[in-house]
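Asker: Numbering (the working numbering), first residue to last: 14 to 211.
Derived from the structure by calculation, the hints contain no laboratory data. Any given hint might turn out to be false.
[Said to hold, decoys possible] Quick list of the computed label-pair ranges, beta carbon to beta carbon: (1) Ser151 / Asp74: 29 to 37 Å; (2) Asp92 / Asp152: 12 to 20 Å; (3) Asp114 / Arg75: 45 to 53 Å; (4) His161 / Asp122: 14 to 22 Å.
Predicted model, so just to flag it, every value in this text is computed and none were measured. Think of the CB as a built atom: it goes at the ideal place given N, C-alpha and C, for glycine as much as any other residue.
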Amino acid sequence: MRGYTRVVVAVMVAAMCWVPTGANAGTDVAESEIDRAITFRERLGLRAGDEFVAATFGDVDRFGNQDWGVPLTDAEAADLNHRVEIIGLFTQAVAYAMGQDDYAGMFYDQLDGGKPNFLFTGHSDRHVGDIRALANESDDFVVHVARHSMRELERVSDAILGDATMVTFCVRRWSVGSGMIVCGRRSASSSRVVPSGR
């Protein structure tokens, strides 16, 4: 579980840290660089209008911070750095949540400043207290009630994909004087062959 939690956190940080390449303030900026900066700012809930973002590339006095690969104000960069700290603060709470039978998901809402959102199918009062305790008494998170837990959804997914992941194959082997055709189905998760009777 810890390894999975680290991977989830690493992926989330990587997604937040995606940066465009090559743009320097005060130079001609390719349209693709402006588009990447717009996308970056939109995904993180920062002001992102086309003309506004294009102007940030030439305004080093106000948007001189390039720590995230796009022109930002110092306040915007500090906000994004704080969001990374939030992920670290809630690492144990995420691991706790994922271990609960009624766990239904978790995300950091980047349009709301990176606020952690947890989903459970029940017992939200108990979970709020546990998450708060694991997150150093932080109240800066939201708990939602969901209809189905991740375990329920995984069971449904496994039932649906169980048949879909079976691969039909035929092996033809010919040797001098004899021939053989073997057909069957092989599960993507197993090397066991289920004869198909063909």
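Asker: Give me the numbers of the hints this structure contradicts, sorted from smallest to largest.
Answerer: none
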